[in-house]
Amino acid sequence: GNPAGMSFLDRAQVTAGGTYLSVDTELSNVQASRSLDAGVAQGGAPEGTQVPIGSIPGTNEGDMVPGTLVPYAFYAHPVNEKLAFGFGVYAPFGSKTDYEKDFQGRYFGDYTEVRVVSAQPTVSYRFNDQWSVGAGISYNQVEGELRRQLPTGPAFNSAADVDSRVTGDDDGFGYNLGVIYQPVPETTFGLTYRSKVDYDLTGDFIAKDPAGNVVRSDDANLDLSTPETVNFSLTQQMSERLKLMFGASWTRWSRFQEIRVLGSQGNTITQEEQNYSNAWAFATGGEYQLTPTLALRAGLALDFTPTNDRDRSVRIPSDDRRIFSLGAGWTPTDNLTVDLAYSYLSERGTSIEQQRNDSLQGVGGATYSADYKNEAHGIGAQLTYRF
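Here my numbering is used: the first residue of the sequence shown is 1, the next is one more, and so on.
Hints in this document: simulated from the structure, not taken from any laboratory.
Please note: incorrect hints may appear among the correct ones.
Stated by the list, open to error - Restricting the straight-line Cα-Cα distance to at most 30 Å, the calculated cross-link-like pairs of lysine-lysine (DSSO-like) are:
| no. | residue 1 | residue 2 |
| --- | --- | --- |
| 1 | Lys-96 | Lys-208 |
| 2 | Lys-101 | Lys-373 |
| 3 | Lys-101 | Lys-208 |
| 4 | Lys-96 | Lys-373 |
As the structure is a prediction and not an experimental result, all values here were calculated from the model.
Taking the hints into account, I'd like the entire structure generated from these sequences.
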């Protein structure tokens with residue numbers, strides 16, 4: 001939210017809630033093939049030319065995103081009519097995919113997780129009835145894990161694969177700024193900026209054979225920047241009961257160009273091109289005060305993907321999204337408000353097409369292509385108590 005909004009509060013309040021997200025994914029038109037150097041295939045020395053030797057055995061069950069609960073909590077305390085302080089804990093970024101053991105695309109990634117948790121103190125100051133500003137400094141912790149399988153023979157049999165894992169973590173600081181302008185009491189404009197945060201994740205790389213023996217291990221290092229975001233909002237009170245909202249956000253995803261993990265000697269453990277582009281999202285909605293204690297809400301959002309058709313991968317197989325939401329707010333007393341919301345996310349069907357030639361120590365490779373269709377259901381609940 002906009003940190004400038006705290007100065008509009010007349011009482012201290014605590015807000016806690018969470019959203020549970022359930023994702024459904026269908027895979028179709030799957031093609032997975034393996035190749036081998038022409039010379040090696042004939043029992044000789046490598047010639048540098050790959051020849052197809054058949055399909056990769058495996059499955060494509062889909063539904064690789066586990067159900068996820070994202071909690072948050074905020075506290076705001078007005079000092080006087082102009083000044084307010086607050087503190088919040090929340091998760092600004094996160095992504096997770098977890099495919100089945102025999103997934104046909106396992107040589108490109110069968111498990112991916114990135115999780116960021118932020119703690120942020122905030123201050124807000126209201127100059128007059130029209131202008132308010134706010135700012136906060138965030139402390140952020142990130143954890144990440146990447147897994148993929150490595151074939152050990154031309155058969156590409158999952159029972160003989162080497163399990164390759166990279167884990168790492170780091171922390172970093174960022175900030176956000178906000179301003180609110182009310183030219184008249186019925187109209188509110190908001191603008192917020194959230195800074196990028198640079199991380200240098202350090203951890204371990206370990207590869208184990210099916211018997212659990214370590215075949216390779218090393219230190220691991222990954223540079224990662226979560227992007228800056230600019231948000232604009234407009235709230236218009238149409239009548240005593242009806243309020244309309246509009247929002248737009250821009251995210252500088254172009255900072256995310258590749259996943260490149262380095263070992264202790266500067267050697268590349270894994271490198272995966274991403275080449276994200278900057279992306280926009282738009283949202284509109286309304287709130288109707290049905291009774292003095294019950295408010296009804298509805299909204300629509302369009303979230304455009306930063307991914308591209310060439311570099312989209314099994315790790316994050318996403319595309320443009322449409323999000324429809326319904327909700328209600330119940331205020332049985334002046335001190336308490338309970339909010340509930342349901343969201344349906346429909347993602348445009350997308351496709352991926354990947355190939356790697358680093359399998360079988362440079363003498364073999366793999367390709368994987370598939371069409372993905374994602375949709376999700378979200379249920380959110382929030383409780384606000386005023387002191």
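Results for each hint:
{"no.": "1", "hint": "Lys-96 with Lys-208", "verdict": "holds, 22 Å"}
{"no.": "2", "hint": "Lys-101 with Lys-373", "verdict": "holds, 21 Å"}
{"no.": "3", "hint": "Lys-101 with Lys-208", "verdict": "holds, 15 Å"}
{"no.": "4", "hint": "Lys-96 with Lys-373", "verdict": "holds, 16 Å"}
Consistency note: the structure conflicts with none of the earlier hints.
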